[in-house]
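> Residue numbers (our numbering), protein chains in the order written: chain C, 9 to 453; chain D, 9 to 453.
Honestly, the hints are just simulated from the structure, not real lab data.
Just so you know, not all the hints are guaranteed correct.
Said to hold, decoys possible - One-sided excerpt, in silico: chain C residues whose CB lies under 10 Å from chain D:
| no. | residue |
| --- | --- |
| 1 | GLY196 |
| 2 | GLY203 |
| 3 | ASP235 |
| 4 | LEU237 |
| 5 | GLY244 |
| 6 | ASN247 |
| 7 | LEU271 |
| 8 | ARG293 |
| 9 | ALA301 |
| 10 | ASN378 |
| 11 | ILE382 |
| 12 | ALA384 |
Don't be surprised by glycine CBs; every beta carbon is placed ideally from N, CA and C.
Listed below are the residues making up each chain.
There are 2 protein chains.
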Amino acid sequence: MKNLLILGAGRSSSTLIKEALVRAEAMGWNVLVGDVNGDLAQAKIEGHPRGTAFALDPHDTEERDRRIRESDLVISMVPAFLHAPIAEVAIRAGKPCITPSYIAPDMAALDGLAREHGVLVLNEVGLDPGIDHLSAMKVLDEIREQGGEITSFESFCGGLIAPESDTNPWHYKFSWNPRNVVIAGQAGAATFLDGGRVRMVPPHRLFQQARSVEVGGMAFEGYPNRDSLAYRERYGLTNAQTLVRGTLRGAGFCEAWQAFVTLGCVRDDARLTWQQGVSWPVWLRTFLPAEYAGLGIRDAVAACTGASESALDKWAWLGLFDDSQGPKTTEGTPADVLQELLESAWVLEPEDRDMIVMWHRFGYTLRGENRERISALRLDGRDSTFTAMSDTVGMPMLLAAEVLLEEGGFGRTGVEAPMDRAYYDVLLPRLEAWGVRFEETDRAV
Amino acid sequence: MKNLLILGAGRSSSTLIKEALVRAEAMGWNVLVGDVNGDLAQAKIEGHPRGTAFALDPHDTEERDRRIRESDLVISMVPAFLHAPIAEVAIRAGKPCITPSYIAPDMAALDGLAREHGVLVLNEVGLDPGIDHLSAMKVLDEIREQGGEITSFESFCGGLIAPESDTNPWHYKFSWNPRNVVIAGQAGAATFLDGGRVRMVPPHRLFQQARSVEVGGMAFEGYPNRDSLAYRERYGLTNAQTLVRGTLRGAGFCEAWQAFVTLGCVRDDARLTWQQGVSWPVWLRTFLPAEYAGLGIRDAVAACTGASESALDKWAWLGLFDDSQGPKTTEGTPADVLQELLESAWVLEPEDRDMIVMWHRFGYTLRGENRERISALRLDGRDSTFTAMSDTVGMPMLLAAEVLLEEGGFGRTGVEAPMDRAYYDVLLPRLEAWGVRFEETDRAV
């Protein structure tokens with residue numbers, strides 16, 4: 009009997025916990041699920057006889073650490089800054105550990121300790137990061153093995169809404185943490201490589217420079233993610249002239265969102281108080297220079313942001329130009345207030361299906377010929393709980409846990425991300441059963 | 009014999025140290041000056057027999073703390089985050105402490121301890137904050153005592169260049185920390201009150217909304233500082249409909265600076281590497297969307313930022329459109345590279361005189377009449393060492409030290425800022441001898 013410990017029972021853990029329990033009997037696993045919200049953990053195990061739920065006390069890590077030491081493997085789904093302390097306890101107890109998050113400096117610092125203890129801490133093994141690494145590295149290695157030289161790499165991923173559930177002009181509903189959507193891209197400038205030139209886009213212009221991406225006949229747009237330049241080294245793309253990783257949204261989203269950014273409605277750095285009963289138009293005046301006071305609210309927003317009619321229509325759909333509607337809470341940062349509005353406007357209804365889209369384009373030269381390979385994934389969710397997001401974040405981790413618990417592991421120790429064959433050869437074929445099938449095209453250009 | 013301890017011997021300490029030494033004989037003071045750069049401390053005391061210089065080891069605070077305990081008063085001119093630890097040692101040793109900086113939360117937390125020990129820790133007693141509080145509170149109290157009701161308060165201050173030393177189209181040279189000028193306003197949104205309405209300006213539009221201010225027939229422009237709303241409480245302006253504090257620059261500065269902000273040249277959050285020998289036009293392409301690649305560099309900057317010809321001329325004066333000039337260092341954040349350029353372009357030459365301008369406007373009603381009082385200061389520096397900046401930052405602190413060491417203090421203990429009569433009645437008249445003379449006008453409007 010092995011103990012699989014899952015810390016964190018939030019939205020992204022649904023598939024992970026469910027599928028761990030589905031396998032529990034056959035595998036001989038106990039599945040232990042802890043969350044600061046004990047009831048949430050309880051609800052996720054649905055009374056399964058192999059499941060145990062418990063509450064995590066954020067101020068007392070003693071029980072958490074005891075659970076880690078009693079486990080055979082830990083999957084950490086808690087907020088990212090807590091991964092390293094958890095991993096350290098796991099390493100010292102000789103237990104492998106899996107996280108879906110980028111390797112932060114404090115996690116990277118545990119590499120030596122993990123090697124010393126012969127333990128693997130596998131990070132970045134969700135969707136993005138995760139499936140992006142697995143699928144991109146597989147193609148990159150294939151092209152290189154054929155003798156090709158990579159000249160460009162562009163990679164975009166988005167958690168979106170399936171067409172049949174797409175009922176709003178933003179083409180968006182929340183399938184993950186709404187806060188991260190509201191403050192997306194605002195933490196720092198985006199840097200990438202574009203035709204041999206390093207480019208930097210400051211957060212306040214990030215959504216202005218969206219580019220079109222077509223996947224399976226559907227039109228999307230992508231904006232660059234923070235530090236694409238790091239992938240020169242991470243993916244070994246030293247000779248690529250173009251290197252950009254980014255996020256996908258539905259067509260038209262970026263321009264309308266840019267108007268929020270331009271006004272400052274996504275700022276999270278100033279708490280303000282508005283009068284009770286304030287309307288959205290009055291709230292918006294907070295961000296508009298006094299010179300626009302003579303214009304109606306829609307015209308004032310247009311004048312200050314340059315937003316098109318189509319973008320303004322998206323604002324209108326949210327009720328932002330309606331004098332009879334307004335924020336419920338009247339105190340907080342602009343991001344808090346905007347999030348509250350969007351959480352009710354972009355709710356994923358129980359029968360809604362979300363959709364994951366991932367798109368890689370590899371430019372390369374092979375025997376003097378310029379070629380392009382496109383590898384693309386579209387995956388729809390099952391419902392609003394077992395979303396494509398939850399499936400694609402959870403399944404790579406669960407499949408990795410299976411390999412570690414039942415098949416002797418990947419032959420690796422240390423603090424790792426799944427960047428090579430040892431991982432993708434094992435995980436990608438198993439992910440196919442979950443609909444993670446990339447369509448590839450390859451042509452001379 | 010009393011020991012006056014000055015920690016930090018940077019640019020802003022010149023007048024403070026010099027004038028402390030001038031008084032040392034008459035007052036019976038030893039003046040001890042410590043800096044991480046021991047040579048700088050040595051240079052500032054100029055071999056004065058009452059002066060002692062020493063090096064501060066940033067990794068070993070033992071000597072610093074011993075010096076604090078052996079002193080009779082401490083003036084902390086070190087980086088602001090170090091004030092609270094210094095103040096705590098001073099409080100426990102029963103020694104008063106003076107800083108020129110805003111009261112940060114860790115400093116505010118020492119208030120109880122300071123009261124317990126009967127010690128005054130006086131902060132915000134330089135120029136801005138400092139002379140701004142003293143001069144504004146004096147007028148606010150006067151108006152209130154006359155029975156007036158304050159309806160608006162606007163206050164701007166700038167460290168600029170005297171007209172006879174103003175030799176560049178930016179009307180700016182560095183009289184204080186260049187880094188703070190380059191990243192000015194970028195740390196967070198500005199909030200203020202404008203005709204009864206709370207307004208927020210995000211950093212990326214901060215210099216777009218500059219307003220004109222005229223002082224003594226000279227034209228300036230001001231942009232809002234971070235949190236003016238806090239002054240409702242700090243200055244007791246609960247009924248004011250307009251409340252804004254800001255920074256002054258020369259006419260035309262803000263529009264040209266806004267173009268740097270718009271492009272992202274002031275970002276300090278992404279380290280980039282450029283090729284050795286890169287020109288300024290090529291460097292600027294980093295920030296320009298690819299769609300402008302077909303335009304010459306001046307036109308591309310104009311198209312992306314909307315900058316006027318006059319603003320572009322200011323860029324041209326810096327050499328930014330010149331293919332034969334470029335950054336010396338090729339690695340760093342955009343702010344690093346821009347700072348390097350400006351430090352050579354905006355240098356305060358030995359004979360140059362800087363200039364401090366402070367301007368308050370008080371709107372009030374008195375016996376049913378709407379009135380306006382304007383209180384304005386213009387002060388020129390003596391040379392590039394004994395700048396108006398150094399005088400106006402240093403002298404309020406030195407005069408406060410005199411009161412504390414020789415005259416029994418201000419009758420106050422705790423962690424304070426000089427917000428009331430106890431301070432301004434004593435300090436303002438003495439500052440007049442240093443040229444800190446506010447001109448007042450008052451009229452019905």
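> Each hint: holds or not?
Do the hints match the structure? See the list:
Residue-level restraint check for GLY196(C) holds (minimum Cβ-Cβ distance to chain D is 4 Å; threshold 10 Å). Given the 10 Å rule on beta carbons, the hint for GLY203(C) holds: about 8 Å separates it from the nearest Cβ of chain D. The interface hint given for ASP235(C) holds, since its Cβ lies 7 Å from the closest Cβ of chain D, which is under the 10 Å cut-off. Hint status for LEU237(C) relative to chain D: holds, with the closest Cβ pair at about 8 Å, below 10 Å.
Checking GLY244(C) against chain D by beta carbon gives a least distance of about 18 Å; that is not within 10 Å, so the hint is violated. Of the supplied interface hints, the one on ASN247(C) is violated, with its beta-carbon coming no nearer than about 16 Å to a beta-carbon of chain D, more than 10 Å. Residue-level restraint check for LEU271(C) holds (minimum Cβ-Cβ distance to chain D is 8 Å; threshold 10 Å). With 10 Å as the threshold, the beta carbon of ARG293(C) comes within range of chain D, its nearest partner Cβ sitting at about 6 Å, so the hint holds.
A hinted interface residue such as ALA301(C) counts as satisfied when its beta carbon comes closer than 10 Å to some beta carbon of chain D; here the least separation is about 9 Å, so the hint holds. With a least beta-carbon distance of about 19 Å to chain D, the hint placing ASN378(C) at the interface is violated under the 10 Å criterion. Interface restraint check: ILE382(C) against chain D, minimum CB-CB distance 21 Å, threshold 10 Å, status violated. Against a cut-off of 10 Å between C-beta atoms, the interface hint on ALA384(C) is violated, since the closest Cβ of chain D lies about 23 Å away.
Going through the hint list in order, the structure does not satisfy hints 5, 6, 10, 11 and 12.
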